[in-house]
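Engineer: Residue-level listing of the chains:
There are 4 protein chains.
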Amino acid sequence: MIKAGIIGATGYAGNELVRLLLQHKDVEIVWYGSRSFIDQPYASVYQNFFQLVDEKCLDDNMEELAKQADVIFTATPQGYCASMVTEEMLSQTKIIDLSADFRIKDVAVYEEWYGITHKSPQFIEEAVYGLCELNREKVKTARLLANPGCYPTCSILSIYPLMKEGLIDPQSIIIDAKSGTSGAGRGAKVANLYCEVNENIKAYGVASHRHTPEIEEQLGYAGNCKPVLNFTPHLVPMNRGILVTAYANLKKPMTDEEVRAVYKKYYDNEYFVRVLPKGVCPETRNVEGSNYVDVNFKIDPRTNRIIMMGSMDNLVKGAAGQAVQNMNLMFGLNEQEGLHQIPMLP
Amino acid sequence: MIKAGIIGATGYAGNELVRLLLQHKDVEIVWYGSRSFIDQPYASVYQNFFQLVDEKCLDDNMEELAKQADVIFTATPQGYCASMVTEEMLSQTKIIDLSADFRIKDVAVYEEWYGITHKSPQFIEEAVYGLCELNREKVKTARLLANPGCYPTCSILSIYPLMKEGLIDPQSIIIDAKSGTSGAGRGAKVANLYCEVNENIKAYGVASHRHTPEIEEQLGYAGNCKPVLNFTPHLVPMNRGILVTAYANLKKPMTDEEVRAVYKKYYDNEYFVRVLPKGVCPETRNVEGSNYVDVNFKIDPRTNRIIMMGSMDNLVKGAAGQAVQNMNLMFGLNEQEGLHQIPMLP
Amino acid sequence: MIKAGIIGATGYAGNELVRLLLQHKDVEIVWYGSRSFIDQPYASVYQNFFQLVDEKCLDDNMEELAKQADVIFTATPQGYCASMVTEEMLSQTKIIDLSADFRIKDVAVYEEWYGITHKSPQFIEEAVYGLCELNREKVKTARLLANPGCYPTCSILSIYPLMKEGLIDPQSIIIDAKSGTSGAGRGAKVANLYCEVNENIKAYGVASHRHTPEIEEQLGYAGNCKPVLNFTPHLVPMNRGILVTAYANLKKPMTDEEVRAVYKKYYDNEYFVRVLPKGVCPETRNVEGSNYVDVNFKIDPRTNRIIMMGSMDNLVKGAAGQAVQNMNLMFGLNEQEGLHQIPMLP
Amino acid sequence: MIKAGIIGATGYAGNELVRLLLQHKDVEIVWYGSRSFIDQPYASVYQNFFQLVDEKCLDDNMEELAKQADVIFTATPQGYCASMVTEEMLSQTKIIDLSADFRIKDVAVYEEWYGITHKSPQFIEEAVYGLCELNREKVKTARLLANPGCYPTCSILSIYPLMKEGLIDPQSIIIDAKSGTSGAGRGAKVANLYCEVNENIKAYGVASHRHTPEIEEQLGYAGNCKPVLNFTPHLVPMNRGILVTAYANLKKPMTDEEVRAVYKKYYDNEYFVRVLPKGVCPETRNVEGSNYVDVNFKIDPRTNRIIMMGSMDNLVKGAAGQAVQNMNLMFGLNEQEGLHQIPMLP
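Residue numbers (the numbering used here), protein chains in the order written: chain A, 1429 to 1774; chain B, 1429 to 1774; chain C, 1429 to 1774; chain D, 1429 to 1774.
No lab work stands behind these hints, which were simulated from the structure alone. Check the hints yourself; a few may be wrong.
Because identical chains share one entry, a pair is satisfied inside a single copy or across any pair of copies.
As the list claims (entries may be wrong) - EDC-like, lysine to aspartate or glutamate: derived pairs with alpha carbons at most 20 Å apart:
| hint | residue 1 | residue 2 |
| --- | --- | --- |
| 1 | Lys1453 | Asp1487 |
| 2 | Lys1693 | Glu1516 |
| 3 | Lys1654 | Glu1593 |
| 4 | Lys1431 | Glu1763 |
Based on the sequences and whatever the hints tell you, model everything.
Structural biologist: What follows is the structure, encoded as C-alpha cells:
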C-alpha cells in the first residue's frame, strides 16, 4: 500500500483527492492536513465522508509527513510548497504539488505573473510537468511533480495535436474558457457567495490570468515556438466543469477528416482523452466526476479558422484525478488505477 | 456474470442503472431497451457513456429479453410492467420493476391513486417490496421485485424506527418532502424546462400524490396500524436529491439519547443508512451519487413533536442503486457490491 | 420629497431598498450608510446602480442622519437599532427597523431567542409591528416601525384568516418554510458559498429558529390564544423567494368554497395579497421582484387537515418592499406608491 | 393611448413584452395572441400576471389585429411575419417583428442561413433594422421594423465604436458569446429541460449560427467593409443574460485612454449603453431585468489584441425592451418611456 499524505485536505481539490484515493485499491491516506481544522474530524468538515473517514485533521508539518508518507499531495496556495520542499524531503518521499510553484521553468516568468518570490528555484529544473498524455515517460521517474493547472490541462489537450503537427499559426491562438465555481476555491469571499455567482456570468483576469504563461510554455514545447496568446477565463454558475473554446488560423485549408486523423494520431491510445464524433460538441456534464477530457473541433472555411473545444471536470482531470494519474505512473501502477469513475449525469 | 437487461434505459433512472451496472463486477448488460431510440447508439443519447458503451438501443420486447437475461430492470411508465409480465417470463428470469405496479398490495388502492386498471393483479401477492433494510429476507427469494418509490424510500427510512417501536402517534405524521428535478423524468414537458424550474420552488400533488398510499402501507406494517398521513412533495431547482422533513407527535416525552438509541438499534448494522451526529441536519449534497440515506431527528419539547429528517439521491437509493442492492440480494451477492460510490461534493 | 437614509445600504435588503426607493416618485435617498464601504461609491459595490447612483457610502452615524432625514431605514444586524435609537432621534425622524429589535413585545422572549440584551426596551411598547395588512391603522401613526421578518410575513399571511376566524386548532400548526439564499445575507461565510448551496437543500434552525416566537405572537393576536408551533426553515439553491407550506387541523370539516370565502373576506381588498384560483399552488417565481404574496390552500379530507401555502419575494414583501409599504402609510401616501413592479419571469 | 397587439404573447419574449407594456403609461394591450392557448386566460399561462391581466388569449389573425391595433409585435418563429405581412396591414398599423425575417437585406443570405424561402421579399428594402443607437433616425419613420437579434445587439454594441472608427482589423474579429436559457424559447424540447441544462455549459451552432450574417452585415455598415467573422454561442445554466467576449487585432497600438475616448464618443449620450470604468468587467446580473447594455474592453499589449465585452438581458434589450424602445421612437415618444426598470440583483 502506498502511504499518502495530503496537505490542504479541506479545500475542494483536497476533498476530491480524498474521494479518489479512498477508492484506490493501492493507497492508504495517512495524513489529512488542514491548518484551519486541526484536531477536528475530517468528516465533520465534509459530511459526505461520514462513516467513511474517521481520522482527524492534522497540521501541515511536511517534514514529519515526509517521514511517514510515500507520497505527499500539496493542495495548497501558491508559494507554500516551494517554501517547504527540501532535498531531505525529496529523498524520503515523492511530492505531487497541485499548486503552480513548479509548473513554469523560467522563474522570472513565475515571479512576474504570480507576484511572489520563488523560495526554492533550485528544484524547478528537476520538477516534471505532469500532463501525463504529453510527459508520460518523465513522470514515471519524477520525485517532484508539478500537477498542471485546470485551465492549462483542458486548453493544452484541446490544441496540442495541431500545435505538434505545426498546422496552426501559434500567434493566432485565442482561448476563451469557462469554469464552474469550485475552481475559485473554498475561501470565504463575497465574490464567491451563492447570490453573487448564481444567475450570472462574467469574464475575469482578462489578459492577465496566471494560467496564460503555463499554457504558452507547454504549447511552445509542442510547436517548438514561442506562442503569445490570449486566454480569457469566465466564471459560470455551476459547481464543476471547464469548457475551452479555442480559436486559431489554419496554416493551410484542411478537411475535417484530415484534422480528425491528427487528433486520433495523438489520442487514440489515450484512455482519458475522448475525441468526440464529428458534430458533437464537448459538454461539461458529460465528463462530470470523471477523469476524461472530451475534445472536438470545427473548421470554419469562411474564416479559415479552426475552433477547438474541450470539456473536463476541473476537480478531477483538472486537479485531483490528474494527480492520482501521475501518482500511478510515479509508482509503476496502471495509469488508470482508481480512475474509472463514470461521468455522472444529470 | 449476471446478464441484465434494461427496459427504459434512456430515462434518467435507466441511465443511472447503466452507470452503476457498468461498475458492477458481476454484471453484464445485454439489452439497452428504449422504444424511442431503437437502433441508435446508446452513447449518442447519453454522451457521458462515449467509448464506455458501444451497444445500440433495442426495443422493449420483454418476452425475448426474458430468454436472454438473468434479470430484467423495468424503468418504465406505470402500467407497463404489469401489462407485460407473465408466468413464463418469471420462470425464465427475475424482474425488478422500478415502476409502482407491484408496490401496493391492495389493487383497489393502486387503481384509485394511479387511475389505471392493473393488468396482472395475480402477481401482486408474490411481488416483494424491495426496501432492503426492511424486507431483506423476502427480497432474497423474490422472482418479481417491486422497487420502492423515491419519496417512500426516504420517508419510510426516516420514520421507520419510531413507528416500529410505537413511539409516535401514527395519525399525526406529516411528511414535507423536497426533490430535485430528475425525479420528474426526461419527458419533454414545458413544466420541466430549465427556465420554468430554475429560481423557483413550488409544492405539487398536494394531498393527492401517488406515493402517499405506498408510504402509509409500509409504515402501517411497521407500526401494525393504519396511518393516514399528509405527504407534500416540492420541486427544487437542483438535479438530484430528496430531502424529507417529517413531523409527528411523540406518545410520551423522550430525550435525544433515548430516540438516538432507537435509531441505532435499527440502523447500526445498515451500511447504507447513516444516522448523523446530534445537531447535524441531513443535506442532499452529502449523499449525491451514492446509495446512502442520511437520517437524523430533532425533538421539540415545546410542542412535544419530533422532526425526522432524511436525505438521499433520488436516482441512486431512490431508484437505480436500490434496484442494484435488491439484485445483489436476489442473486446471493454481497448486498453492497457495486455500490461503494462515495458521495461527490461539491 | 421624503428624505430617506439607509443604514446598512450594502446588504441585500439595503440594496433592494435602494432599487425600490429610486423608483419612488416621492422619495430622495440622502444617506447610503455602510460601515464597511465608507467613502467608496455605492455603485462600485453594486454595479447594477452604475450611472444611477453617484453617491458614496457614508458611515452609520444615526444621530447626524436623524437630523437630515425624514425617515431612516435600518437594515442592520440584530441589536444595532436598539442600541442607537433615542427619544431625540424619534422626535426628529421616523425609523423603520428591518431587524428584529422591536418586533417582539415581550423583551424576555426577545432576549431568550436572540441571545442578546435589549438596549432600549423602553421603546418596545410604542413600536408598531408593520405587517400592513394586519396593522394598517397603527402603522399610519408610528414613529418607530418594526418591519416584520421574511418568514413571519409569509407564514402569518398564509394562516391569518383561519386563525382570525378560529377555524383551525392553534396548537396543531406546523410551518415548513423554504427560502432562497439572499435571506442569509451578504456576509462572507463558507456556508453561503456557491458550491456549498448549489445542488443542495437542507433544513436549519430546526425547532430553534428566531422567527418562531414572532410568528407565534402575531398568530396569537389573531386567534386570541397562545399558539405553540413548529417552524422549520430550509435553504434552497435560488437567489430569492420564500415558500411556506403550513399544516393545521380544521376544527370542523369545511369545503373549499367555505374556506375560500374566508380568505376572500380578509384579502379581497388587499392589493398585495393574491388568493390564487383553486388548484393553483403558489410558486416563488410568480412573485419574484414584486411586493405580492400569493396564497392558497388545500383541504385534505382524509386527515382533516388544511395545507396553507404562501409564496413571496423575501427581499421585497419580506424586507424592502414591505418597508416602503410601511413608509407610504406613515407619510400618508398611497400604500402602493413605488411598489407596482410586476413579477419578473423567468 | 397606443393600442398594441402581440402575436406570440406566450413565449418568453412575448411574456416580457407584456411585463414592459403594462408598465408603459402610453400603451394599452388589446390583443394577447397565442395560437396554443386560445381562449385560455393569459394569466393562467403566466401566473405572475394573476390579477394584472384579465384578458384571454386570442388567435394569430394579423389581418383583423391590424385593424384594431396601432402597433403589432410579432414574437413568432422565423418565417411567420414574412408570410403574413401585406401592404394593406402596413397601411393600417406599424409592425415590430422580433423574428429575423426582415433583419437581413440580402434575401439570398437570409434564405441560406435560415433554410427557408422568404415569403415577402418586397418589404425587406423598406424594413428598418431597429438597433436604436445606430439607426435612430430611420427608426422614427419606420412602418416595418426588424427588431435585432439578441446576440447581434450585444455583439454589435460591444464592437461598433472601434469598427466605425476603423481601429480594428475587420477580418480578425472573433465573438465568443454566452447566453442564458430563456434565449432557447419555451418549446418543450428535451435539450432545454432543467436536468439537461443545469450544471453544464456547451457551445452550439459553432461556425453556423444564424446570427452570424446579421452581425457581419451591421458591422460592415459601420466599418464600410465586409467582415467575415467567427461567432460561437454557448448555453449557460441561468435564466437570463448574454455576455459577449469579442477579440480583434488593433490596427495600431492604442492606450486605454484613447480607446475609452472612442467608446465615450459614441455612447456618452446613449442612456441604455453604459461604458463601465476601467478594469470593471460586464456581468449579466448587473443588467438583469433592465434595458441596459454594459460594455467595456481590455487592451492586451502582448498580443496587440483588444478584448471587447458586453452584457445585456437577452429578453429586454435583446428582445422586448428594444422593441419598446423602437416603438417609442416610431410613435414620437421619449425613447426611454417605460424602460426605467433598474437591474435587479441578486
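Engineer: Please flag the earlier hints that this structure goes against, numbers listed from lowest up.
Structural biologist: 1, 2
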